[in-house]
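Visitor: Read off the chains here:
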Amino acid sequence: MKEKALQIDVSALVNFNRQAIALALNLLEDRRPRLQAQALTLLDELSTLPAPAHVVGITGPPGVGKSSLIARLIARQAQISRRVAVVAVDPSSKVSGGALLGDRGRMQISLQAEVYARSFAARDRLGGLSREAFSAVFLLRHCCDVVLVETVGVGQSETDIASLADTTVLVVQPFSGDVLQFLKAGVMEIPDILAVNKADDQALAQQAVSDVQTALALERGSFDQGSLEGSWQNPVLAVSAATNLNIDTLDDAMTAHYQHLQSTHKLENKRADQAMAWAVGEILHEVGQRGLAILGGVEGVRSLWGEQTQQWSAIRKLATLLDRVRYRA
Amino acid sequence: MTKDRPWVMRTYSGHSTAQASNELYRLNLSKGQTGLSVAFDLPTQTGYDSDHALARGEVGKVGVPICHVADMDTLFADIPLDQMNTSMTINGPAAWLLALYIAAAERQGVGPEALQGTTQNDIVKEYLSRGTYIFPPEPSLRLISDVITYTVKNVPKWNPVNVCSYHLQEAGATPVQEVAYALCTAIAILDTVRDSGRLEAAEFTAAVGRMSFFVNSGVRFIEEICKLRAFGQLWDNVTRERYGVENPKFRRFRYGVQVNSLGLTEAQPENNIPRIVLEALGVTLSKDARCRAMQLPAWNEALGLPRPWDQQWSLRIQQILAFETDVLEYGDIFEGSKVVEGKTNDIRQAGWAEVERVTEMGGVISALGYVKEQLVASHTARVRNINAGDHVVVGVNKFTETAESPLYTGNSSAILKVDEEAERDQVARLEAFRTERTQADVEAALLSLRDAVKNAENIMPASIQCAHAGVTTGEWTQTLRDIFGEFRAPTGIAGAAAVPNVSGKVGDELEALRMRVRKTADILGRPLKVLIGKPGLDGHSNGAEQIAVWCRDAGMEVVYEGIRLSPEQIVTSARDEGVHLVGLSILSGSHLRLVPEILTGLRQEGLDNVPVVVGGIIPEDDAENLRQAGVARVYTPKDFKMLRILSDMVDIAEEAA
Numbered sequence: 001m002k003e004k005a006l007q008i009d010v011s012a013l014v015n016f017n018r019q020a021i022a023l024a025l026n027l028l029e030d031r032r033p034r035l036q037a038q039a040l041t042l043l044d045e046l047s048t049l050p051a052p053a054h055v056v057g058i059t060g061p062p063g064v065g066k067s068s069l070i071a072r073l074i075a076r077q078a079q080i081s082r083r084v085a086v087v088a089v090d091p092s093s094k095v096s097g098g099a100l101l102g103d104r105g106r107m108q109i110s111l112q113a114e115v116y117a118r119s120f121a122a123r124d125r126l127g128g129l130s131r132e133a134f135s136a137v138f139l140l141r142h143c144c145d146v147v148l149v150e151t152v153g154v155g156q157s158e159t160d161i162a163s164l165a166d167t168t169v170l171v172v173q174p175f176s177g178d179v180l181q182f183l184k185a186g187v188m189e190i191p192d193i194l195a196v197n198k199a200d201d202q203a204l205a206q207q208a209v210s211d212v213q214t215a216l217a218l219e220r221g222s223f224d225q226g227s228l229e230g231s232w233q234n235p236v237l238a239v240s241a242a243t244n245l246n247i248d249t250l251d252d253a254m255t256a257h258y259q260h261l262q263s264t265h266k267l268e269n270k271r272a273d274q275a276m277a278w279a280v281g282e283i284l285h286e287v288g289q290r291g292l293a294i295l296g297g298v299e300g301v302r303s304l305w306g307e308q309t310q311q312w313s314a315i316r317k318l319a320t321l322l323d324r325v326r327y328r329a
Numbered sequence: 001m002t003k004d005r006p007w008v009m010r011t012y013s014g015h016s017t018a019q020a021s022n023e024l025y026r027l028n029l030s031k032g033q034t035g036l037s038v039a040f041d042l043p044t045q046t047g048y049d050s051d052h053a054l055a056r057g058e059v060g061k062v063g064v065p066i067c068h069v070a071d072m073d074t075l076f077a078d079i080p081l082d083q084m085n086t087s088m089t090i091n092g093p094a095a096w097l098l099a100l101y102i103a104a105a106e107r108q109g110v111g112p113e114a115l116q117g118t119t120q121n122d123i124v125k126e127y128l129s130r131g132t133y134i135f136p137p138e139p140s141l142r143l144i145s146d147v148i149t150y151t152v153k154n155v156p157k158w159n160p161v162n163v164c165s166y167h168l169q170e171a172g173a174t175p176v177q178e179v180a181y182a183l184c185t186a187i188a189i190l191d192t193v194r195d196s197g198r199l200e201a202a203e204f205t206a207a208v209g210r211m212s213f214f215v216n217s218g219v220r221f222i223e224e225i226c227k228l229r230a231f232g233q234l235w236d237n238v239t240r241e242r243y244g245v246e247n248p249k250f251r252r253f254r255y256g257v258q259v260n261s262l263g264l265t266e267a268q269p270e271n272n273i274p275r276i277v278l279e280a281l282g283v284t285l286s287k288d289a290r291c292r293a294m295q296l297p298a299w300n301e302a303l304g305l306p307r308p309w310d311q312q313w314s315l316r317i318q319q320i321l322a323f324e325t326d327v328l329e330y331g332d333i334f335e336g337s338k339v340v341e342g343k344t345n346d347i348r349q350a351g352w353a354e355v356e357r358v359t360e361m362g363g364v365i366s367a368l369g370y371v372k373e374q375l376v377a378s379h380t381a382r383v384r385n386i387n388a389g390d391h392v393v394v395g396v397n398k399f400t401e402t403a404e405s406p407l408y409t410g411n412s413s414a415i416l417k418v419d420e421e422a423e424r425d426q427v428a429r430l431e432a433f434r435t436e437r438t439q440a441d442v443e444a445a446l447l448s449l450r451d452a453v454k455n456a457e458n459i460m461p462a463s464i465q466c467a468h469a470g471v472t473t474g475e476w477t478q479t480l481r482d483i484f485g486e487f488r489a490p491t492g493i494a495g496a497a498a499v500p501n502v503s504g505k506v507g508d509e510l511e512a513l514r515m516r517v518r519k520t521a522d523i524l525g526r527p528l529k530v531l532i533g534k535p536g537l538d539g540h541s542n543g544a545e546q547i548a549v550w551c552r553d554a555g556m557e558v559v560y561e562g563i564r565l566s567p568e569q570i571v572t573s574a575r576d577e578g579v580h581l582v583g584l585s586i587l588s589g590s591h592l593r594l595v596p597e598i599l600t601g602l603r604q605e606g607l608d609n610v611p612v613v614v615g616g617i618i619p620e621d622d623a624e625n626l627r628q629a630g631v632a633r634v635y636t637p638k639d640f641k642m643l644r645i646l647s648d649m650v651d652i653a654e655e656a657a
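Order-wise, the sequence lines are chains A and B.
Using our numbering, the first residue of the first sequence is number 1, and each one after it goes up by one.
Using our numbering, the first residue of the second sequence is number 1, and each one after it goes up by one.
Keep in mind that the hints were calculated from the coordinates and are not lab data.
Among the hints, erroneous ones may be present.
Claimed, not checked - Simulated pairs of lysine to aspartate or glutamate, DMTMM-like, Cα-Cα distance not exceeding 20 Å: (1) A:K94 / B:E509; (2) B:K638 / B:E624; (3) B:K519 / A:D200; (4) B:K338 / B:E223; (5) B:K519 / A:D30; (6) B:K3 / B:E511; (7) B:K153 / B:D195; (8) B:K519 / B:E324; (9) B:K249 / B:E266; (10) B:K287 / B:E341; (11) B:K638 / B:D390; (12) B:K505 / B:E341; (13) A:K94 / B:E511; (14) B:K454 / A:D200; (15) B:K153 / B:E200; (16) B:K417 / B:E486; (17) A:K94 / B:D508; (18) B:K519 / B:E509.
Can you build the whole structure from these sequences, using the hints too?
Guide: In structure tokens, the structure reads:
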């Protein structure tokens, strides 16, 4: 990258200047030490500014129509004059390290709409979120009204997305027994919103929705989700990306969840907890259990985290902890 | 033994304007051609008028623009339609072009019952290979079904559908896949017609009898003979077992053919003549599996648009085969051949197994993603084998030494240049036509079209009314777009498995390239990320898909969004995605218009440092033009070595960093 790419104008960034956003995201991905230092400075600067965007994670097994659903959600945001950023994550090939990033085409992004979309390869995270994707979302929270994050698969990616999104939407197809099994068995966290896509047939959709509700009720019976999440009742919605059915209902539910987090003053704590949880995951990924032990385990990380400078971004805090392990400081 | 009747001889043609194409048709007919095969330009094929923003640079390029009934009148001026056999390569808006043809005939005083010909009207292969689809699968099948039910009752000598295995082979299909997926398409169509309940039993049987196929024939002509015999046997089975057709006449496997273009080479293009001759043998030698109609490509197709003389040479091949040789004088010369029978059985059994697999997935529409992935995988294997030298292509990867050719010296003199004025002419005529028509008639006709669509009536009568009233191609299609919506077909590349065990030299080279790509990440600061874009209306995505898959296999991160992107969309993606390089693929001849627009757009976004490479059918002086404008490299079909292209891309990205 030439020097020109390094001039990042923060006011342009937070005003959704897409050229500036693209350059900033290029910088966040850059591994060259000098540029990494610059990226950390940028993130620190941003972390002193408001982060108004609602981060919505959209996840679910392959083929349930997440991209088409996002296409509809983007159109809906454009309608109500919201600025949207989309982060899409695709798996990387284990053989070559390369990746095909094809979600953008399925999202049919209109040139008129205020949308910024970026694809990320999962790289060594097997369908989960790479560090780059996490930093990107951290940055985008400051630049727009809504950040939609799409990940593929059931398993690792939910855990990742839960450590990142204010609101998690799980997309399933009617009668997707395997996903329901995961929910019932508690393998998967209960999403904030569950969308049953491809609900083109009314009767079938109703049946599918009650199917999911039953599964959720079973899970709640064994584990009182209600008391943990306050008054939030995880809604189950029948939607159809193909026919644009209930997309506004889904969008309203997303907004309602965000307002719920804000009105119950949970948002800030949730984001802080997420940043910590994410840091622990990254530490495990980078330096393993032994590295984590050097930092005094999860509890140690928690107290070290709190001792760090308030103006630092989560990304710098993590970088500092990792340095401590590497250099045994 | 009486001599067999010769097949209908055609040449796929049309360019510039209706008038220029009409002159070409009459010239071709005077040389002994016995039918017409109309090539429409891409705006017409995708339902846009010549003055639509997306039509810019594409008008008259790969075929003739037809915007309204007056264009159709001009196209067939002095060609009596009651005596002509016309094949129209039209799919998304097939119902509309047939309506215009019927209206033009009526204006000549010819009733629909006298018309003979074919509308291609196969949407599935558009999703899978050719790319000029418009609407989603369900309404598309309904339109096909409408054309069938209408023609069976009103245009009885018309072939309403030409189910195409042709484009599947062009997309890389093996003979087994070609047979299987075409049969799946025919089944999807006939099931729709049957379930529409519009036809009496006898009419439905007639509709089965009117189904025809459009096949491909490659240079492995013995296998092709067996493929066509297997195809015929399977069709006989399907029509009898699935549709209960008793009369063998209505179970006959009727097909037309265009021989293989995929295998025609840019290097030593004169070698394409023997290839074309051998491919023609594959569809004529066996009487039981002989084609009904044939069109042959021109020897210089990989260089650019053929000239009238090039097309004449291809017609002469057909005439020599039919009238000089004794091919039409015998019964089936393969009868009793154990070798041919054995191979035929193999293809039939494997083909049927694949039909059953797709049927289990709910039919070809539900299995679209699966089928596309199979085709991309086959094509990837083919390209890999050519690269490894296991698949010999004379003059390309073997016997490449050559004396200078007197036919072609490497400049673009051996091709036809479309007059750039043609687009302006066409648009002026369209504007004049719009002012001259009676607006009230147009509105009334569009209203009845809308009603017919919404009330699930047959679309043909209202479309013919529209044609007579002066409705344009863009207006007809937009009316349907508003109701049906549009569609994006699967790209099939995500499912194309990585090359796990590439052996030999190519494998070593690929491994070396992967190492290089990893090292490049250190120079660039992050993994090499490229955008592969297909601008314009051209839907031939094989090249772009192959490049995308190979880039992934070399370790790059590849953004690929599919076909039909505007220059603005490509620039936006390049900016948002932060790519290091943009690769463009264009085969429609509109590169001189589209590429500079993208270069300008990139500059406006401050992306001057993002290099652009272009691949396509690009004559050398155009290539020079593009390089002058700032394109880093131009690749044409002779650049078949994927790893060379990929390693260039790495060099170029590093230089720009």
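Visitor: Against each hint, give a clear statement of whether it holds in the structure.
Guide: To see whether the hints hold, each was checked on the structure:
Between K94 of chain A and E509 of chain B the alpha-carbon distance is near 18 Å, which keeps this suggested pair within the 20 Å criterion. Restraint check for K638 of chain B and E624 of chain B: the C-alpha separation of about 16 Å stays at or below 20 Å, so the hint holds. Between K519 of chain B and D200 of chain A, the direct Cα distance comes to roughly 49 Å. Violation of the 20 Å bound is thereby established for this hinted pair. Restraint check for K338 of chain B and E223 of chain B: the C-alpha separation of about 14 Å stays at or below 20 Å, so the hint holds.
With a C-alpha separation of about 14 Å, the suggested pair K519 of chain B and D30 of chain A falls inside the 20 Å cut-off, and the hint holds. Between K3 of chain B and E511 of chain B, the direct Cα distance comes to roughly 58 Å. Violation of the 20 Å bound is thereby established for this hinted pair. Our distance criterion of 20 Å between C-alpha atoms is met by K153 of chain B and D195 of chain B, whose separation comes to about 17 Å. For the hint linking K519 of chain B to E324 of chain B, the alpha-carbon distance of about 62 Å lies beyond 20 Å, and the restraint is violated.
For the proposed pair K249 of chain B and E266 of chain B, the alpha carbon gap of about 43 Å is over 20 Å, so the pair is violated. For the given pair, K287 of chain B sits about 15 Å from E341 of chain B by alpha-carbon distance, which is consistent with the 20 Å threshold. Annotation: proposed proximity of K638 of chain B to D390 of chain B holds, straight-line Cα distance about 17 Å (limit 20 Å). Between K505 of chain B and E341 of chain B the alpha-carbon distance is near 38 Å, which puts this suggested pair outside the 20 Å criterion.
For the hint pairing K94 of chain A with E511 of chain B, the CA-to-CA distance comes to about 14 Å; that is within 20 Å, so the pair holds. Of the pairs offered as hints, the one joining K454 of chain B and D200 of chain A holds, with about 18 Å between alpha carbons and a cut-off of 20 Å not exceeded. A hinted pair counts as satisfied when its Cα atoms are at most 20 Å apart, and K153 of chain B with E200 of chain B qualifies at roughly 11 Å. Restraint check for K417 of chain B and E486 of chain B: the C-alpha separation of about 33 Å exceeds 20 Å, so the hint is violated.
Straight-line distance between C-alpha atoms of K94 of chain A and D508 of chain B comes to about 18 Å, which keeps the hinted pair within the 20 Å bound. About 15 Å separates the Cα atoms of K519 of chain B and E509 of chain B, which keeps this hinted pair within 20 Å; it holds.
Violated hints for the displayed structure, listed by number in ascending order: 3, 6, 8, 9, 12 and 16.
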